[in-house]
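Chains A and B supply the protein sequences, listed in that same order. For the first sequence, position 11 (counting from the first letter as 1) is numbered 11 according to this note's numbering, and the numbering increases by one without interruption. For the second sequence, position 34 (counting from the first letter as 1) is numbered 34 according to this note's numbering, and the numbering increases by one without interruption.
The set of hints was computed from the structure by calculation and includes no laboratory data. Note that CB positions come from ideal geometry on N, CA and C, so glycine has one too. One should not assume that every hint holds.
What the hints assert, rightly or not - Residues from chain A that keep clear of chain B, each with C-beta distances beyond 12 Å, as calculated:
1. G16
2. E55
3. E58
4. T85
5. N92
6. M107
To be verified - Label-pair restraints from in silico Cβ distances:
7. T96(B) - E58(A): 22 to 28 Å
8. K14(B) - E58(A): 45 to 51 Å
9. S7(A) - N84(B): 44 to 50 Å
10. R108(B) - S24(A): 28 to 34 Å
11. T5(A) - K83(B): 24 to 30 Å
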Amino acid sequence: EDQVTQSPEALRLQEGESSSLNCSYTVSGLRGLFWYRQDPGKGPEFLFTLYSAGEEKEKERLKATLTKKESFLHITAPKPEDSATYLCAVGNNAGNMLTFGGGTRLMVKP
Amino acid sequence: DGGITQSPKYLFRKEGQNVTLSCEQNLNHDAMYWYRQDPGQGLRLIYYSQIVNDFQKGDIAEGYSVSREKKESFPLTVTSAQKNPTAFYLCASSITSLREQYFGPGTRLTVT
Numbered sequence: 001e002d003q004v005t006q007s008p009e010a011l012r013l014q015e016g017e018s019s020s021l022n023c024s025y026t027v028s029g030l031r032g033l034f035w036y037r038q039d040p041g042k043g044p045e046f047l048f049t050l051y052s053a054g055e056e057k058e059k060e061r062l063k064a065t066l067t068k069k070e071s072f073l074h075i076t077a078p079k080p081e082d083s084a085t086y087l088c089a090v091g092n093n094a095g096n097m098l099t100f101g102g103g104t105r106l107m108v109k110p
Numbered sequence: 001d002g003g004i005t006q007s008p009k010y011l012f013r014k015e016g017q018n019v020t021l022s023c024e025q026n027l028n029h030d031a032m033y034w035y036r037q038d039p040g041q042g043l044r045l046i047y048y049s050q051i052v053n054d055f056q057k058g059d060i061a062e063g064y065s066v067s068r069e070k071k072e073s074f075p076l077t078v079t080s081a082q083k084n085p086t087a088f089y090l091c092a093s094s095i096t097s098l099r100e101q102y103f104g105p106g107t108r109l110t111v112t
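Turn these sequences into a full structure, and let the hints guide you.
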């Protein structure tokens, strides 16, 4: 059974204080790791897909990286508008569904 | 504009009533999904459909039903058999299964 664990559950940062969110996974044949951003009361917004270890993707202040066991979402010099819950999900070669982690709630204070 | 629409945004029902949540997409995606999200928790898959007239149960299908008669539409019915129906319901679609999913704005269902 695929498993996704995100840590920490909540993270408070000061504006400009860089940090990383972790997504650890176990999957029988990774077919993609996905990062989403979710604002309160809204649907998740797709950010990145990573397919193989060593791959990196960037978007503004966000950078996602992937190893064989985990993915990191690095946030450089965050701003208050980066405050949201960040979700990670994995897909495997055998199935047709994604398995989601519980999310990390990020709060960036000015 | 291409996207996924869910309606209504808020829905209130009395216990014992069935209720249908709407999901429509104009992205020409083959696959569609329904998730449930409870406060402070991740997404749990209720049903998914890879193609018209076909759908499969997810992890928590009991008390729910779906149909996929058109590529664009994937309505979810929450039946009276669902013991804890109050939740935030999210619909998603992807071009094919296991590609990135795009989500609608969600429907918050409250059953009293």
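Cross-check of the supplied hints:
1. Non-interface call for G16(A) relative to chain B: holds, since the shortest CB-CB distance, roughly 28 Å, exceeds 12 Å.
2. Consistency note on E55(A): stated as away from chain B, and its beta-carbon is indeed over 12 Å from all of that chain's, at 14 Å minimum.
3. For E58(A), the condition that its CB be more than 12 Å from all CB atoms of chain B holds, with the nearest at approximately 16 Å.
4. Not every CB of chain B is more than 12 Å from the CB of T85(A) (nearest about 9 Å), against its label as outside the interface.
5. N92(A), annotated as away from the interface, has a beta carbon of chain B within 12 Å; the closest lies near 8 Å.
6. No beta-carbon of chain B is positioned within 12 Å of the beta-carbon of M107(A); the least distance is around 14 Å.
7. For T96(B) paired with E58(A), a C-beta distance near 26 Å keeps the hint of 22 to 28 Å intact.
8. Between K14(B) and E58(A) the C-beta distance comes to about 49 Å, which sits within the given range of 45 to 51 Å.
9. The hinted window of 44 to 50 Å between S7(A) and N84(B) is violated, with their beta carbons roughly 27 Å apart.
10. Hint check: R108(B) to S24(A), Cβ distance near 30 Å, so the stated range 28 to 34 Å holds.
11. Remark: the range hint 24 to 30 Å for T5(A) to K83(B) is upheld by a beta-carbon distance near 27 Å.
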